[in-house]
Amino acid sequence: MRWIIAAVVIAVSAAALPARADTTLLNVSYDPTRELYRDFNAAFIAKWKQDTGEAIRINQSHGGSGKQSRSVIDGLEADVVTLALAYDIDALSQHGGLVPADWQQRLPDNSAPYTSTIVFLVRKGNPKGIKDWDDLVKPGIGVITPNPKTSGGARWNYLAAWGFAAKKYGGDAGARDFVGKLYKNVLVLDTGARGATTTFVERGQGDVLLAWENEALLALGESGGDGFEIVAPSVSILAEPPVAVVDKVVDRRGTRKVAEAYLRYLYSPEGQEIVARDGYRPRDPTIAARYAKKFPDLPLFTVDEAFGGWQKAQATHFADGATFDQIYTPGR
Amino acid sequence: MRRRRRHALPGFGLTLGLSLSYLALIVLIPLAALVLKSATIGPLAFWDAVTSPRALASYRVTFGCAALAGLVNLVLGPLLAWVLVRYRFPGRKLIDALVDLPFALPTAVAGITLTALYASNGWLGRWIEAAGYKIAYRPAGITVALIFVSLPFLVRSVQPVLEQLEPDIEEAAATLGAGRLRTLVSVILPTLWPAIVTGFSLAFARAVGEYGSVIFIAGNLPMVSEIAPLLIVTKLDAFDYAGATAIAVVLLLTSFAALLAINLFQLWTVRHRTAEAR
Chain A
1 MRWIIAAVVI AVSAAALPAR ADTTLLNVSY DPTRELYRDF NAAFIAKWKQ
51 DTGEAIRINQ SHGGSGKQSR SVIDGLEADV VTLALAYDID ALSQHGGLVP
101 ADWQQRLPDN SAPYTSTIVF LVRKGNPKGI KDWDDLVKPG IGVITPNPKT
151 SGGARWNYLA AWGFAAKKYG GDAGARDFVG KLYKNVLVLD TGARGATTTF
201 VERGQGDVLL AWENEALLAL GESGGDGFEI VAPSVSILAE PPVAVVDKVV
251 DRRGTRKVAE AYLRYLYSPE GQEIVARDGY RPRDPTIAAR YAKKFPDLPL
301 FTVDEAFGGW QKAQATHFAD GATFDQIYTP GR
Chain B
1 MRRRRRHALP GFGLTLGLSL SYLALIVLIP LAALVLKSAT IGPLAFWDAV
51 TSPRALASYR VTFGCAALAG LVNLVLGPLL AWVLVRYRFP GRKLIDALVD
101 LPFALPTAVA GITLTALYAS NGWLGRWIEA AGYKIAYRPA GITVALIFVS
151 LPFLVRSVQP VLEQLEPDIE EAAATLGAGR LRTLVSVILP TLWPAIVTGF
201 SLAFARAVGE YGSVIFIAGN LPMVSEIAPL LIVTKLDAFD YAGATAIAVV
251 LLLTSFAALL AINLFQLWTV RHRTAEAR
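Line order of the protein sequences matches chains A and B. Just so you know, we're using the numbering used here here: the first sequence kicks off at 1 and counts up by one. Just so you know, we're using the numbering used here here: the second sequence kicks off at 1 and counts up by one.
Hint data in this document are derived by calculation from the structure and do not stem from the laboratory. Being a predicted model, the structure only gives us computed values, none of them experimental. Be careful, since some hints might not be right.
One-sided excerpt, in silico: chain B residues whose CB lies under 8 Å from chain A [claimed, not checked]:
no.	residue
1	T51
2	R54
3	W82
4	T113
5	A119
6	E171
7	Y211
8	I215
9	N220
10	L221
11	P222
12	M223
13	P229
14	V233
15	T234
16	A242
What the simulated footprint calls covered on chain A by chain B, stretch by stretch (three residues with Cβ under 8 Å from a Cβ of chain B suffice, anywhere in the stretch; the number is not a length) [as the list claims (entries may be wrong)]:
no.	stretch
17	133-144
18	182-193
19	200-207
Here a beta-carbon is modelled for each residue, glycine too, at the ideal position from N, C-alpha and C.
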């Protein structure tokens, strides 16, 4: 018995040792940013070592944006959050006051160092001739998009379709009808953006995937260019995935300085370069000009313009019993 | 003088106290917290949350697929146990070990593997689709995943009873003139029945709560292939903790009622049979 206890004590302390050696940061992020932050973290670790001589480690956590936000509220010790939409960071302020209410004003560009948009990924040669949002509601088109209730990316998809239809079919009534028809064509409603990509790319389901531009570029890169093509619709939404330091956590752990430097580095030319390389639209105009070919110029509307901000969009469309739920309520 | 029976562990009071505290800590307190949380929304909102059309459809999918999976394993599980106990063949130990694999495998891995197999471009899915059927992204896919995760319950609950059941009994039945069917129905099945029912109820309860393996293969369309655990996760993601726990309470009570009913039924069959034997 005694040697078992001894062994356990030794094992536990051995496991605890490396954690004490360096400062660690935990970045809690959404689904498709795995590749981006793998590259960015390596660059930041080298930069921090060069500037301060301090070795740090950065841990990553990925998942549906809403779920990630809930994990942080429930006690996951995130030093920084880099989520899919502002609503999920607002939640950190509303539930437990982990960040102040004005968190979005603390960094430039609404705290969104990079943007993206929603595009279509279709099979090679575009056999169903999908060109624009209108083609998605035609009978016999199989659409893959995740569930807006569990996926941040899916909310952008939904709002992009709504914004298109509201302009074209005269306001909210037309948009409601259009989006309803679109979701009738949805074959599989995954819980996250990465799951939907897998369903479309690996499992061969559906004719078109509504995807983050970065996710579509990644799928294209991995398939070596054959198998899929990207279709940019006539108009789409400007997705602004925001970032924030989690005040309560960094103040307790004493990591505020490095956490703030980490997020600011995203805005630096080096950070913006990595961002663009991994398929996100950079804010920096010089770097954006360099990558102009990669990101087609299409008219983009923002959530603030078209929906009056995330709080309002959430309440109108994604709350319990709101427009998204009504699509699936029988008898309509 | 009353002779006290010696037990391996000392003190009835101590052991009972310990096991009750343990049960309370591990099971009862979390469940009580669950019920309390769901009660914070008030009875009307609770009723609305648990009887919305979406919720009702998800119960149908969850309980329907769980029961179907249980019924499939009800036939195939004991058969597998029978083969493992009664026959000696090369690779038997290997198959015996394979049965436990669904327990050991992370459920998400099982779900992804099953989806890859049964999707229309998968190894199995392409043949099934060619034959005009679809399994993945439909309730059928949910059932397949649940059959996979709940198989060990049926096999492992029946196996020890079968091992106790001497082949002599079958021989005795044969010498008394019973045919194969008669031996099976009147001799073997009555002995195995309680174990089969226990295995079924455990498999069913497990399947009702299953999330990881199902979510990848289900398709998750509301009203069609949305399981109740997914609805709970969806509500949690919307920070609707009370609504989520309300649905959880329904799942819990239904599972508990099913387990209780099956236990009572078992008690009744045992009494019935003893009465018959007299």
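Here is how each hint holds up against the structure:
1. T51: violated, 13 Å
2. R54: Status holds, d = 7 Å.
3. W82: violated, 37 Å
4. T113: At about 12 Å, which exceeds the 8 Å cut-off, the nearest Cβ of chain A leaves the hint on B:T113 violated.
5. A119: holds, 4 Å
6. E171: violated, 49 Å
7. Y211: Cβ of B:Y211 sits 10 Å from chain A, so the hint is violated.
8. I215: Interface hint status for B:I215: holds (6 Å vs cutoff 8 Å).
9. N220: Holds - the Cβ of B:N220 comes within 8 Å of chain A, reaching about 4 Å at its closest.
10. L221: holds, 6 Å
11. P222: Holds. Min distance 4 Å.
12. M223: Status holds, d = 6 Å.
13. P229: Because about 11 Å separates B:P229 from the closest Cβ in chain A, which is outside the 8 Å limit, the hint is violated.
14. V233: holds, 7 Å
15. T234: holds, 5 Å
16. A242: The hint is violated - B:A242 has no Cβ within 8 Å of chain A, the shortest such distance being about 11 Å.
17. 133-144: violated (count 0)
18. 182-193: holds (count 6)
19. 200-207: As far as the stretch 200-207 of chain A goes, the hint holds, because 4 residues have Cβ atoms under 8 Å from chain B.
Violated hints for the displayed structure, listed by number in ascending order: 1, 3, 4, 6, 7, 13, 16, 17.
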